[in-house]
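Assemble chains B, C and D onto chain A, guided by the hints.
Chains as they are written, first to last, in numbering that gives the first Met the number 0: chain A, 0 to 383; chain B, 0 to 383; chain C, 0 to 383; chain D, 0 to 383.
Hints listed in this document are in silico derivations from the structure and should not be mistaken for laboratory results. Beta carbons: idealized from backbone N, C-alpha and C, even for Gly.
Partial selection, computed: residues in chain B whose CB lies under 8 Å from chain A: (1) 107; (2) 112; (3) 115.
Some chain C residues flagged as far from chain B (calculated, every beta-carbon gap over 10 Å): (4) 167; (5) 207; (6) 249; (7) 330; (8) 344.
There are 4 protein chains.
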Amino acid sequence: MRKICVVVGSRANYSSIKSVMTAVKKHPKLKLQLVVGASALLDRYGAVVQTMEEDGFVPDATVHMLVEGETPLTMAKSTGLGLLELATVFDRLKPDIVVTVGDRFETLATAIAATYMNIPLAHTMGGEVSGTIDESIRHAVTKLAHLHFPANEDAAKRIIRMGENPKTVHMVGCPRMDIVDEIAKKYRDTTDKSFLKKEGVGGSVDFTKPFLLIMQHPVTTEFGDGEQQIRETLTVVETLKMPTIMLWPNADAGSEDIARGMRKFREKHEHGYIRFYKNLPLHTFIPLMMHTACMIGNSSAAIREGSFLGTPAVNIGTRQTGREHGKNVLNCGYHSTDILKAVKAQLKHGRYSANPLYGNGDAGRKIAAILSVCPLSVQKRIQY
Amino acid sequence: MRKICVVVGSRANYSSIKSVMTAVKKHPKLKLQLVVGASALLDRYGAVVQTMEEDGFVPDATVHMLVEGETPLTMAKSTGLGLLELATVFDRLKPDIVVTVGDRFETLATAIAATYMNIPLAHTMGGEVSGTIDESIRHAVTKLAHLHFPANEDAAKRIIRMGENPKTVHMVGCPRMDIVDEIAKKYRDTTDKSFLKKEGVGGSVDFTKPFLLIMQHPVTTEFGDGEQQIRETLTVVETLKMPTIMLWPNADAGSEDIARGMRKFREKHEHGYIRFYKNLPLHTFIPLMMHTACMIGNSSAAIREGSFLGTPAVNIGTRQTGREHGKNVLNCGYHSTDILKAVKAQLKHGRYSANPLYGNGDAGRKIAAILSVCPLSVQKRIQY
Amino acid sequence: MRKICVVVGSRANYSSIKSVMTAVKKHPKLKLQLVVGASALLDRYGAVVQTMEEDGFVPDATVHMLVEGETPLTMAKSTGLGLLELATVFDRLKPDIVVTVGDRFETLATAIAATYMNIPLAHTMGGEVSGTIDESIRHAVTKLAHLHFPANEDAAKRIIRMGENPKTVHMVGCPRMDIVDEIAKKYRDTTDKSFLKKEGVGGSVDFTKPFLLIMQHPVTTEFGDGEQQIRETLTVVETLKMPTIMLWPNADAGSEDIARGMRKFREKHEHGYIRFYKNLPLHTFIPLMMHTACMIGNSSAAIREGSFLGTPAVNIGTRQTGREHGKNVLNCGYHSTDILKAVKAQLKHGRYSANPLYGNGDAGRKIAAILSVCPLSVQKRIQY
Amino acid sequence: MRKICVVVGSRANYSSIKSVMTAVKKHPKLKLQLVVGASALLDRYGAVVQTMEEDGFVPDATVHMLVEGETPLTMAKSTGLGLLELATVFDRLKPDIVVTVGDRFETLATAIAATYMNIPLAHTMGGEVSGTIDESIRHAVTKLAHLHFPANEDAAKRIIRMGENPKTVHMVGCPRMDIVDEIAKKYRDTTDKSFLKKEGVGGSVDFTKPFLLIMQHPVTTEFGDGEQQIRETLTVVETLKMPTIMLWPNADAGSEDIARGMRKFREKHEHGYIRFYKNLPLHTFIPLMMHTACMIGNSSAAIREGSFLGTPAVNIGTRQTGREHGKNVLNCGYHSTDILKAVKAQLKHGRYSANPLYGNGDAGRKIAAILSVCPLSVQKRIQY
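Isolated chain A, as found in the complex (with noise of 0.2 Å):
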C-alpha cells in the first residue's frame, strides 16, 4: 500500500484535487492521507475543511501557516510557516508520495519540505502559462518535482523542455474536470433554479433573466492596484445593473484590497440587484457558469471550467496571460471602458460548444492509476 499524501491549502485547490482524492481513497493499492491547510481552514474562506468533511474526507493533520496581513510579505512569511509546520506533518505521516497542487504558496511550502525530506513528489497542474509570480512559482515546483501532472498537452511539453523526465510527464487532463463534468451531467436538464437562490448576502437575484458572474482576484505583482482594479470592474456592473453573482477573492497578497473596493461598493449603494458569495461549493458554481450570460474577472474557471461548459467570459488583465484558452473567452484590459465592450461582445454571442482542452473527465482515475505502479525515486538530473 503506498501511502498518497495530497495536501489541499484552499477552496480553489480542493476543486481541482478532489476526484484524484476520491479515486486514491478507493484505489485497492493507495493509501489516501489528506492535509488540509491555508485558507481551507479558515471562517473568512468559506472553511472548506468542512465541505471536505461532508465529502467524506477527514484530514490527518491540520495545519494552520496563514500570517495576518495578505501583503507580499507575510505572504513570504505564510511560505516559510507553512514549510516549519509541513516537515513536521510529513515527518509523521511518512507519505510514499505527497501530491501538490498548482501554483500557491503553499504548494511551494509543500515542495519544499517534501524535496528536502527525499519524498517523492506529484505536482498536478504544473507547465501552464499565467504571467505572474504564480507563474514562476508553478515552475520552480515542477524542478523541484519527480512527477508531473499537467492538465493539458500544451502544459506537458513545457514540462519537458524545461528538462524534465519525459517518462515522469503524465499528461492526464485537469482533474477539476472530472468534478464539472459530473455535476453538469446532474445540472444539465434541471429547469427549476431555485437552488441557486440559497448562501451569499445582499440583494436578491433574479435567476429567470441573464445574470453576470464575477470573479476577481489580486494580481500579486501588481500588489497595490487591486482597489483600483475591481472599482474599475464594478463601474460595469452598475452600468448594465443586470442581476450579479459576485464572490470575494482568494486569500493572497492584495486581496484586502479587493475586498475592500467591493464592501466601499456595497456600502455606498444600495444594490438590489448584487449578491456576494464568500464560497460556492461546486455543485452550485458550475450551474452559475452553465447558465450565466457572461463570466467576468481573471479566475482560470473562466478559462478551463469555461471552455468544457461553454460559458461566455471576459477575462481581464495579466493574471491568466499565456493560458491557452478556447474561444468562449475574451481578453481586455482593466479598464471600464474595455470591460464593458467586451462584456456586450459576450452577451450578443451567447453560450459556446464545449471544448475538450482541459480534459474530458477521468483524469482522477488515471492519477491514481499511475502513482499505484510508477517507479519511486527521489533522484533527479535535468535531461540535457
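Frame of chain A, contents of chains B, C and D only:
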C-alpha cells in the same frame, strides 16, 4: 544608487560572492547591503561572519535560521525559518536587487522571500548539473530569478533551454575564481610554506612532503550513508599514511554522520600524520590546493578551483555528477579500493596545466557593471 | 540617553500607553523606540498603526505575528511567531528598557524575548485581577518584569505580595486616563455632537436621544460560547430598540464567534437604529462614553475609563471578574433577562460622579521620569 | 482514562520526570503521552531520546525547536519555535493534562502552549529560588500552571505565597530522587567499579583513587563570561591533578563559551588524568556521585542528589543562589583560589550523611495518584 542586497549563508558562499561584494561596494552607482545568516554565523562552522568583518564587510542584518538536528526534517525547517526571517530583513532594507548564490537551503529561502516581495532576484552559479537535491534547488531558484550569472558556458545554455529570457542570462565566469586568481598570484612564488602550519587540531603535518587534502560533504539524497562513506575514504588515508589535511563537512542534512565518522576515526587511532580543520580561510586553502599531491572527496572546489589551479583530484560518488570538469578530476565510487586506485593514478600523474573553464578572474566587476544598468522588472514569462 | 522600546500590538494597548510614549519622546534623557505589531497593523482591526503615524509616532519596526484562525491553537502560535520576530527586533534596536502593556499574547511574547535577551523589562497595568487566561498571562509577565507600573493601589499591593521587590513597584495610575482626561476636558462643554456621526456602517444613529454603547469581547477560557453570548446581548438591544453604537471585538481566540453572531444579526434584520464600528479613535470613543445612556459588554473600559468619566455601565459575565471597579458598574450574567434588568437600572439612575480609582491624568510623565533614573538590572530574586 | 502528556526537552529533565512517567504508564486510570524535544533529540547532547526508547518510552511526538547559536537571541527564538511546534502537537494529542518540568525555555514554551489551548498544566520543581533568569521563568510558569508539584517544603510555601490556591499545591518531593534512590540501592554494595570506565573521551581515569566530578553550566544572565569562568575551574583541576571526570554543559545561551574553554584546555595539554563525557546515563552518574571525593561546578545535582547521597560538593557562583541546600555543599566565588580552598576543605571532610530534603523516593507514584483524581479546571484566580 541601486541597493544591492547580497545574502551569504556559509563559508563556501562567501568565497563564491566576495569579489562581487567588493565590486558592488566600489561601484559609484551601487550600494551594498549585506545579510549574513545560517552557518556563516556559527562558531561550529568557523564563524565566517568574523572573517567578513575583518575583510571590511559589516552586515546590515544577521539572520539565525538553522534549526538544530542536521536531518532532512530540520533542513526543511531551516528553510522555513530562513524565509520568515529574510522576509523581515528585506522589508526593512528595501533592496532594489537581491543577490543569492548557488543551491543551498538559504539560497532557496532568499529566492522565495525576494520573489514574493516583488524584489528582482539575481542568481549566481545557476544552471549547473550535480545530481543531488542541490541540483533541484538550483534549477528551482533559476525559475524564480530575474537575472542569471552562470559560471560557465554549459550552465548558461542550460538556463536558456529551461525557458529563461536570454537577455537576462549573463555568462561572466565564476566570481570565486577572482579570489582564487588573486591568491594564486600571491603564493605562486612563495617557497616558505610555514603559513600552512597554523590553525587546525591533530597531528603536525609536514608540508615539505607530498600531502593529501580531504573535503567530503554529506549527500543529502543519500541521507544516513554518510558515516559509511567517510569511513571508506578514511580507510584509504590509513593505507597511504601520507601527511593529510582534512576539513570538517558543511552544515547540511547528514553532516553529523560525516562528523561522527571522523570523530570515531580520530579517537580510535593516534594519527600523527593527519590534521583537522574547521574552516580554512581562502588564503590558506588555495595554497593547499596549489601544493597538494591529491585532493580527495566530493567538494565542487576540486572541479572549479581545481581546473583553474591544475590540482590533481579524486571526486567520490554522486554529489558532483554532471558538473562540467577538466582533466584534473578523476571520478570514482564510494568503495575504498576504487578511491585508492584513483588516488594512486593522480599521485603518479602530478599537477595539471590551468584551464579557464570557470572564469578568468573578472566575474565580480562584470556582475557589478551589469547590476548597475540592467532593466529591473519582476514580470517574468517562460520563453516558449 | 536611555533607549526606551515600547511595543504596541492593539488599538486598546495604544491608548493605554500613548501618554507614556509622548512623555518618553519629550524627555531629554530618553529616546523612544517604537515597535508596532499584531492586530495594530491590520486593516481588519482598524490599522491602528496609521493613527499612530498621524499622531507623530513613526515605528522603528513593524512585526506581523498573527497566525490566522483566532482559535486557542493559533493564539499560542501567534505568541510563538511574535517571539521569533521580536527577538530579531530587539537584537537590532538594542534598547535599554523594553516596555510592555497589559496581558495580551504580544505582551507575553515581548516579555519573554526581552527577558531571555537580558534587557530590563517594564510592565504597565500589572497586578490586576480579571478571572480569565489574561490574568494568568498578566501575572506571568509580572514574574518576568524588572519594573512595574500598576494602575491602582490594589494592583500594586498584589504585585508586592507576589514577591516582587517593592523598590521596583511604582503606583502611577493608568496612563490611559491621561488621554481620557485630555479628551474629556475638550468635549465636556461641546454641544455639537455631529462629530459622532462619522464613520461606521449601518443605521443612522440619533445622538440627541439616549443611546447604548456596546463592546463585547470573546472570553478565551469560554472558547466556543461567544456566538451564544453575543446573541443574548443582541436580544436586549432588539428589545430596547434604542439608538445603539456597537464595536467589533478584539483579535483574540473566539473573536470570530462574536463577529459571526454580529454578522448574522445584521444580515437577518434591517436595523435602522444600530451602527457598527471597526475601531473608534479615542477622541470619538471617549465622548461616546461621556454621553451614552448605558455602556454594555465586558470591556475593561467600562470599569477604568467608566469610573473616571462616571459612565453608567453593565458588565456581562466573567471577563472582568475581580477587577476593582467603582459604583458606575453593575455586574450581571450572560442571560438576556439579567442583562436587560441591569440596563434598565442604569437607564433609570443616569450618570455617576467621577472617581480617580485608576489615576488622575499624569501617569505618562511619572513613568518617563522613573524610566530616566531607575537603576537597571536583569538580576531578579523573589523577596521571600 | 486521563491522557497525561509529559514534555521532555533535556537529559536533566528526563531524570527529573522519569519516575512520574513510569508511574503514569502503570496507573490504570492514566494514559501516558510522551513528547520529546529540544536538546533531548540531538546527538551533540547525547541523544537522550534513545535512552528513553531503551527504557521503554516511545515518543508520541518529537519536536525540533533549537535555533542554532546558543546566544540569548537564539534562546528567545527557540522558545518561539517551540511554542509554534508544541501547539501543533497538543492540538493533535488532545491531552487532559500537560506536565512540564522545571525552568527551561522548553518548559516555558510548553506552559504557554498548554495555557492558551485551555489544557490544564501541571508543573514539577516549581517555587525554588536560584538567582538567574531560570528563576524568573520558573515563577512565570507557576503563574500559568493549574497544578503544582514542588520538590520541597520551602518551595511549596513560596508557591502559595505567590497567590496560588493551596488546594492545587502538592508537596511530593523531587521525582528525581526516586531514580537516585533506586540506583543508589543497587550500587551501594558494589565493589567492582569497572562500569565507570566505559564511554567518554580523553585520559583513562583511575577510579580506585579519589576523583573529582565537574559539571559547570553557563549562567545565562552572565552571558559572555562562561569561558573565563570555566578557565578558573580548570586551573584548579590542573593544580590538583587528581583523576577527573568532566561533563559538557547543557544547551543554553552561553554553553558554547563553556565548551570552547573546555576544548582549548583539552587541546593545549595532554591530560592523562581527565576524561570528558557528553552525557552520562544516571546509572553511571549516580555511582560517580556516590564515590567522588568532591563534586565541583554549579549543577543543581550537587544540591539535590548531593544532599540525598551525602556527596561533598563545591558550588561555584550565582547559578544556584537561594536554592535550599544541605551541609554537603560549600559555596564559593568564580576565582580559582576560592574554588581551590573550598575543594580542599571538602577533600578533608569526606562524605556526608544522607538528608531527605528533596524527597524520599516515592514522588512519581504520588504525582500519578493525584493526576488521576484531581479536579481539572483551566479557571485560575490569584488568592488575594
